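Enquirer: Which chain is which? The protein sequence lines are A and B, in order. Counted from 1, the first sequence has number 135 at position 135 by the working numbering; the numbering is strictly sequential. Counted from 1, the second sequence has number 174 at position 174 by the working numbering; the numbering is strictly sequential.
FYI, nobody ran anything at the bench for these hints, they're computed from the structure. Since the model is a prediction, treat every value here as computed from it, not as a measurement. Do not rely on the hints blindly, as some may be mistaken.
Which copy is meant is left open, so a pair is good if it fits within one copy or across any two.
To be verified - Think about it this way: if two alpha-carbon atoms lie no more than 25 Å apart in a straight line, the pair counts; the simulated DSS-like pairs of lysine-lysine are:
1) K50 with K132
2) K149 with K4
3) K71 with K50
4) K132 with K9
2 protein chains.
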Amino acid sequence: MDAKTCLEKLGYVGVLSFATVDRWGAPQVRCVSAVHYEPEALYFFTARGKDFCRELERDGRVQVMGYTKYKEMIRLSGRAEAVPETERTRWMDTIFSEQPYLANVYPGDTRHIGAIFCIRDFSIEYFNLGVKPIFRESWAVGNSRPRAKGYGITPDCIGCGRCRTACPQGAIDPGTPFRIRPENCLHCGACAEACPAGAVRPRGDDCHENAF
Amino acid sequence: MDAKTCLEKLGYVGVLSFATVDRWGAPQVRCVSAVHYEPEALYFFTARGKDFCRELERDGRVQVMGYTKYKEMIRLSGRAEAVPETERTRWMDTIFSEQPYLANVYPGDTRHIGAIFCIRDFSIEYFNLGVKPIFRESWAVGNSRPRAKGYGITPDCIGCGRCRTACPQGAIDPGTPFRIRPENCLHCGACAEACPAGAVRPRGDDCHENAF
Chain A
1 MDAKTCLEKL
11 GYVGVLSFAT
21 VDRWGAPQVR
31 CVSAVHYEPE
41 ALYFFTARGK
51 DFCRELERDG
61 RVQVMGYTKY
71 KEMIRLSGRA
81 EAVPETERTR
91 WMDTIFSEQP
101 YLANVYPGDT
111 RHIGAIFCIR
121 DFSIEYFNLG
131 VKPIFRESWA
141 VGNSRPRAKG
151 YGITPDCIGC
161 GRCRTACPQG
171 AIDPGTPFRI
181 RPENCLHCGA
191 CAEACPAGAV
201 RPRGDDCHEN
211 AF
Chain B
1 MDAKTCLEKL
11 GYVGVLSFAT
21 VDRWGAPQVR
31 CVSAVHYEPE
41 ALYFFTARGK
51 DFCRELERDG
61 RVQVMGYTKY
71 KEMIRLSGRA
81 EAVPETERTR
91 WMDTIFSEQP
101 YLANVYPGDT
111 RHIGAIFCIR
121 DFSIEYFNLG
131 VKPIFRESWA
141 VGNSRPRAKG
151 YGITPDCIGC
161 GRCRTACPQG
171 AIDPGTPFRI
181 RPENCLHCGA
191 CAEACPAGAV
201 RPRGDDCHEN
211 AF
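Sequences and hints are given; from them, build the entire structure.
Expert: Structure, rendered in structure tokens:
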């Protein structure tokens, strides 16, 4: 699996969930199928008068998710930018020719109420709940610096093995310290709750991820 | 259509998109199928160690969306609350018995890393792109006060009809003032851009929605 394949899979899903944050800081999510896929970017159509468009213009942060028929969740996190006015018609025509039903929603010239956004720098996560153990992977595309997620075991580990017993997915291997296989980790936190030494800690921006 | 039918339809969809906001104010969305439906409430399972759980505990605002095979988007906006500790096992057992595959993800006792949240007061929106004109409706359930969305035409209307010509869905009827049929409105904003009198204005919290 790689980022390009994940983008292709999103294309097969077709109808994706686009999440943004509104001006009150509340989550907003809607279906979008008016999407054109490039190997390392994604272009999409919305209308200038929609709350969605204002949220993209004001904040720009967006998460895009698709769920495949193979029980794979693919999720892209990035920033959407409006394409320059000079490129707008070109991408709009591309999207409308790839998705003929759009002309039923915006017939004739009415499509010109549309805005086109591009997501070019993003991280992309692949998560498969249909295999055992579960499997996940992630990649950065363009200038994206994804945040580490899930848990890691620090050198404070005392080797008692309680984390390993608690793990629903058998994703922890013995060692000094014990080690979580990140590709099989649910991020459920059972290991952290079970550890008597406080050695299991969230990875991420504020948790000294480089320390372990 | 009514709110109960929409909840039933979400149940048929099965795998829903749950959007929240993280501690950096960024949008987050993931698939959730570990959901139990009551006629006017929704219970769902997640694990205590997940970012999702922390986002629900800290903020609670959530939007839940499903897309049916009939091209209907159903979206619920509300606040998730953790169920009391005394009720947790009961709802967990209900959800695990309704969705046997969950026992593959959290086998045996490992399910006890789970938290159960309930959404009881919410608005629910129905949006059908598969009919012409498009059709939408919304309802409040419990103590929810949904915000008005889309556009309305104020008495500043000069009756020129440009909004009606611009509307992709033919959702504007002549009158004094002209009137947008909210059930057929895309919220695209074409009418507002076309109006030479500034008579078309967004409805909503800060726009005197009761004035028109």
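Enquirer: All the hints need checking, so say for each whether the structure fits it.
Expert: Against the structure, the hints:
With identical chains, the CA atoms of K50 and K132 are at most 25 Å apart between copies only, with a shortest distance of 19 Å across copies and 42 Å within one. Taking the closest pair of Cα atoms, K149 and K4 come within 25 Å of each other only inside a single copy of the chain (22 Å); across copies the shortest separation is 37 Å, beyond that limit. Taking the shortest Cα distances, K71 and K50 sit within 25 Å of each other only across copies (19 Å), while inside one copy they are farther apart (31 Å). Taking identical chains as interchangeable, the C-alpha atoms of K132 and K9 lie at most 25 Å apart only when both belong to the same chain, with a minimum of 21 Å there against 30 Å between chains.
Figure legend: structure checked against the earlier numbered hints; every hint is met.
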